[in-house]
Amino acid sequence: MDEEFEVLIIGAGPAGIAAAISLAREGFEVMVLERGEYAGSKNVFGGIFFTHQLLKLLPEALENAPLERAITKRRFCVLSSEKEVGVDVKIAAWRDKPYNHTMTALRGRFDRWFADQAETEGANVIPEILVSELLIENGKVVGVKTEPGGEEMRAKVVISAEGAQAFLARKAGLMAKELPKRHMITNIKEVISMPREKIEDRFLLENGEGVAIEYFGDVVKGNFGSGFIYTNEESISIGLGLTIHDLINSKKTLNDFLEDFKKHPTVRKLIEGGETIEYAAHMIPEYGYNHLPKMSMPGLMLVGDTAGLINGSVYHEGTNLAMGSGLLAAETLIEAKKNGLDIGSAEALQPYRQKLENTFVLKDMYKFRKVPDFLNKFPHYLQEYPGHITQWLQDYFTVDETPKAEVEKGILNKIKKDIGLWRLTVDMFRLGRNMR
Amino acid sequence: MSKENPTTIEDKLGLLSYNWDKNSHISVDQDKFKADKMNPKPITFVCPAKVYEEDPESGECIVNHENCVECGTCHVASPEYVNWFYPIGGKGVKYKYS
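First to last, the sequence lines map onto chains A and B. Just add 725 to the spot in the first sequence (first one is 1) and you have the numbering used here. Just add 52 to the spot in the second sequence (first one is 1) and you have the numbering used here.
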């Protein structure tokens, strides 16, 4: 094939489509290749969509996009075998637009709609085409090979929004050949259908409001990972994930963990009476800032999960970093073209990484850069503390004839025995240092 | 509502739609699989779709590629013997919600 496209984008997820819309608006000729039957058919996430980048691109999206519920309550809790200790952050002002930029979504609906917006803006989104290889000539990506058919398509620049598996980026040498077991988290989830009134009654929500609950500790039996329950309009998403390293050591299936989680005495009532309508699995690349791939090479840029753009920490942000990187990749190309550069050249693509560094995308990842290695190096935070903390609090609030002074003394003795005061101090200090 | 919800992986996979591809997008190096001393072998339990089973008689790996939900966990867990790539365009799992 002799025709050369201006920009080829691999993958119709949030990162690829954000780039496509942005470029199409500036008159670029954009082709998005999606391997699924439709955009969203292969795409899975936990369920929280952070909308600030979406609104930058499509200011009317809160009226038009198929989003589920506005999250007005975030709950973070630690589970142990029979106990749950949590912190609720419920903010009534988040009921008002823009809803704290935090909405639940279902990707089968949202991504399809988002890809339609790209088409409206003049980009071509072609489904059912797998990019099997990058065409590389003299150290420069010059196009792609597709399946079925083995057809080659040439382009001035290729944006890989391939997703977490990053086959093409690995093969091109922008990252290690194998994905790291300690930094890849496999999540599974179920979507459980439930009438809207039932969800609102059960979770104490007003019409259209939602809640996001994150679980740590026993939900993944103290492994490196976490669980979640999110409310959609007429369904609940429940799931969990752990690093592949820890999953291998557990010798259990993720479904074993999920079935235990669903039966947990403080969780089971939340999902009771619903009907499971989908089961899904997905990997999350939690490399952290210190292990990011190279973001570009001549003719190729990486965005979204492919580029490892995930802020794990307590925020669990991904879709906004994906869209943010898509917008910045587009901005890089738009500026290069204005400056009369060859948009696939090293010189044209070089500012991309700095653009990521200058915005929340890499500023946030930099702030939490130590977290993934820290949790791998000191697994006892997740293994030991959830059980201890919930037990200390159970003791503290247990009501009987024991004088409270003795209760406190008993807890102090338990802390000394369970952890040790010196070690507790060191642990808290180290936790603080590794979160900044 | 009173219908029993699925609890096993097999039953949960029954909730999904697929565009079935008669050609497998997965292959396993049987010699290296057999040589793996871990028991059970990781891919037989880390895969959330039960794609891989160890044949108790031959010790070979049975690959049920039609179950695959395309998460990629298998090739991260055992890159030495799992050769995995996406199904060709249009084939494979088809999520409606998630």
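Since the hints were derived computationally from the structure, they do not count as laboratory data. Possibly wrong hints are sitting among the right ones.
Simulated coverage check for chain B against chain A, where a stretch passes if three residues somewhere in it have a Cβ under 8 Å from a Cβ of chain A [as the list claims (entries may be wrong)]: (1) 128–136; (2) 142–148.
Partial chain A-side listing against chain B, Cβ under 8 Å, derived [to be verified]: (3) Glu728; (4) Arg760; (5) Lys767; (6) Phe892; (7) Thr911.
Taking lysine to any residue pairs in the SDA-like style, the calculated list, with each CA pair at most 20 Å apart, reads [claimed, not checked]: (8) B/Lys148 / A/Arg834; (9) A/Lys902 / B/Lys74; (10) A/Lys1141 / A/Asn1101; (11) B/Lys146 / A/Lys896; (12) A/Lys902 / B/His127; (13) A/Lys976 / B/Pro108; (14) A/Lys1019 / A/Tyr1121; (15) A/Lys977 / B/Phe137; (16) A/Lys906 / B/Gly111; (17) B/Lys102 / A/Ile973; (18) A/Lys815 / A/Phe801; (19) A/Lys1129 / A/Ile1140; (20) B/Lys86 / B/Thr59; (21) A/Lys822 / A/Ser806; (22) A/Lys808 / A/Ile1140; (23) A/Lys822 / A/Gly933; (24) A/Lys902 / B/Ser79; (25) A/Lys815 / A/Leu929; (26) A/Lys902 / A/Asn1015; (27) A/Lys976 / B/Gly111; (28) A/Lys906 / B/Pro108; (29) B/Lys146 / A/Tyr763; (30) A/Lys977 / B/Lys89; (31) A/Lys946 / B/Pro108; (32) B/Lys74 / A/Ser857; (33) A/Lys976 / B/Phe85; (34) A/Lys896 / B/Phe137; (35) B/Lys148 / A/His1105; (36) A/Lys906 / B/Glu132; (37) A/Lys994 / A/Ser918; (38) A/Lys946 / A/Ser806; (39) A/Lys822 / A/Glu785; (40) B/Lys84 / B/Lys74.
Note that the structure is predicted; figures quoted are calculated from it, not measured. Idealized CB from N, CA, C, for every residue including glycine.
Going down the list of hints, with the structure as the test:
Restraint check on the segment 128–136 of chain B versus chain A: 3 residues with Cβ-Cβ distances below 8 Å, three needed, restraint holds. With 6 residues having a beta carbon nearer than 8 Å to a beta carbon of chain A, the segment 142–148 of chain B meets the requirement of three or more and the stated coverage holds. Contact between A/Glu728 and chain B, as hinted, is not supported at the beta carbon level, the nearest pair being about 19 Å apart and thus beyond 8 Å. Because the beta carbon of A/Arg760 sits about 5 Å from the nearest beta carbon in chain B, less than 8 Å, this interface hint is met.
With its C-beta approaching chain B no nearer than about 6 Å, A/Lys767 sits inside the 8 Å limit, and its interface hint holds. Annotation: A/Phe892 was flagged as interfacial toward chain B, and the flag holds, the nearest CB pair being 7 Å apart, inside 8 Å. The criterion of a C-beta within 8 Å of any C-beta in chain B is met by A/Thr911, whose closest approach is roughly 5 Å, and the hint holds. At roughly 7 Å between alpha-carbon atoms, B/Lys148 and A/Arg834 fall within 20 Å of each other, so this suggested pair holds.
With a C-alpha separation of about 29 Å, the suggested pair A/Lys902 and B/Lys74 falls outside the 20 Å cut-off, and the hint is violated. Restraint check: the Cα-Cα separation between A/Lys1141 and A/Asn1101 comes to about 25 Å, which exceeds 20 Å; the hinted pair is violated. A distance of roughly 26 Å separates the Cα atoms of B/Lys146 and A/Lys896; the hinted pair therefore is violated under the 20 Å criterion. For the hint pairing A/Lys902 with B/His127, the CA-to-CA distance comes to about 11 Å; that is within 20 Å, so the pair holds.
Straight-line distance between C-alpha atoms of A/Lys976 and B/Pro108 comes to about 18 Å, which keeps the hinted pair within the 20 Å bound. In summary, the hint linking A/Lys1019 to A/Tyr1121 is not supported, as the alpha carbons are separated by about 50 Å, beyond the 20 Å threshold. Restraint check for A/Lys977 and B/Phe137: the C-alpha separation of about 25 Å exceeds 20 Å, so the hint is violated. Under the criterion of a C-alpha separation no larger than 20 Å, the hint pairing A/Lys906 with B/Gly111 is inconsistent with the structure, at around 25 Å.
Only pairs whose Cα atoms come within 20 Å are accepted, and B/Lys102 paired with A/Ile973 is accepted, the gap being roughly 15 Å. Between A/Lys815 and A/Phe801, the direct Cα distance comes to roughly 11 Å. Compliance with the 20 Å bound is thereby established for this hinted pair. With a C-alpha separation of about 16 Å, the suggested pairing of A/Lys1129 with A/Ile1140 holds against the 20 Å cut-off. Of the pairs offered as hints, the one joining B/Lys86 and B/Thr59 is violated, with about 30 Å between alpha carbons and a cut-off of 20 Å exceeded.
For the hint pairing A/Lys822 with A/Ser806, the CA-to-CA distance comes to about 39 Å; that exceeds 20 Å, so the pair is violated. Taken as a hint, the A/Lys808 and A/Ile1140 pair is honoured in the structure, with Cα atoms around 18 Å apart against an allowance of 20 Å. Of the supplied pair hints, the one linking A/Lys822 and A/Gly933 holds, its CA atoms being roughly 12 Å apart against a limit of 20 Å. At roughly 18 Å between alpha-carbon atoms, A/Lys902 and B/Ser79 fall within 20 Å of each other, so this suggested pair holds.
Between A/Lys815 and A/Leu929 the CA atoms are separated by roughly 11 Å; this keeps the pair inside 20 Å, and the hint holds. A distance of roughly 17 Å separates the Cα atoms of A/Lys902 and A/Asn1015; the hinted pair therefore holds under the 20 Å criterion. Of the supplied pair hints, the one linking A/Lys976 and B/Gly111 holds, its CA atoms being roughly 19 Å apart against a limit of 20 Å. This hinted pair does not check out: A/Lys906 and B/Pro108 have alpha carbons roughly 27 Å apart, beyond 20 Å.
For the suggested pair B/Lys146 and A/Tyr763, the alpha carbons sit about 9 Å apart, so the restraint of at most 20 Å is met. Annotation: proposed proximity of A/Lys977 to B/Lys89 holds, straight-line Cα distance about 17 Å (limit 20 Å). Between A/Lys946 and B/Pro108 the alpha-carbon distance is near 30 Å, which puts this suggested pair outside the 20 Å criterion. Restraint check for B/Lys74 and A/Ser857: satisfied, since their Cα atoms lie roughly 18 Å apart, inside the 20 Å limit.
In summary, the hint linking A/Lys976 to B/Phe85 is supported, as the alpha carbons are separated by about 17 Å, within the 20 Å threshold. Note on A/Lys896 and B/Phe137: the hinted pairing holds, with a Cα-Cα distance of about 12 Å set against a maximum of 20 Å. Note on B/Lys148 and A/His1105: the hinted pairing is violated, with a Cα-Cα distance of about 39 Å set against a maximum of 20 Å. Proximity of A/Lys906 to B/Glu132 is assessed by CA-CA distance (about 13 Å); at most 20 Å being required, the pair is judged to hold.
With a CA separation close to 14 Å, the supplied pair A/Lys994 and A/Ser918 stays within the 20 Å bound. Proximity of A/Lys946 to A/Ser806 is assessed by CA-CA distance (about 9 Å); at most 20 Å being required, the pair is judged to hold. Distance hint between A/Lys822 and A/Glu785 is fulfilled; the C-alpha atoms sit about 11 Å from each other, no more than 20 Å. Straight-line distance between C-alpha atoms of B/Lys84 and B/Lys74 comes to about 25 Å, which puts the hinted pair past the 20 Å bound.
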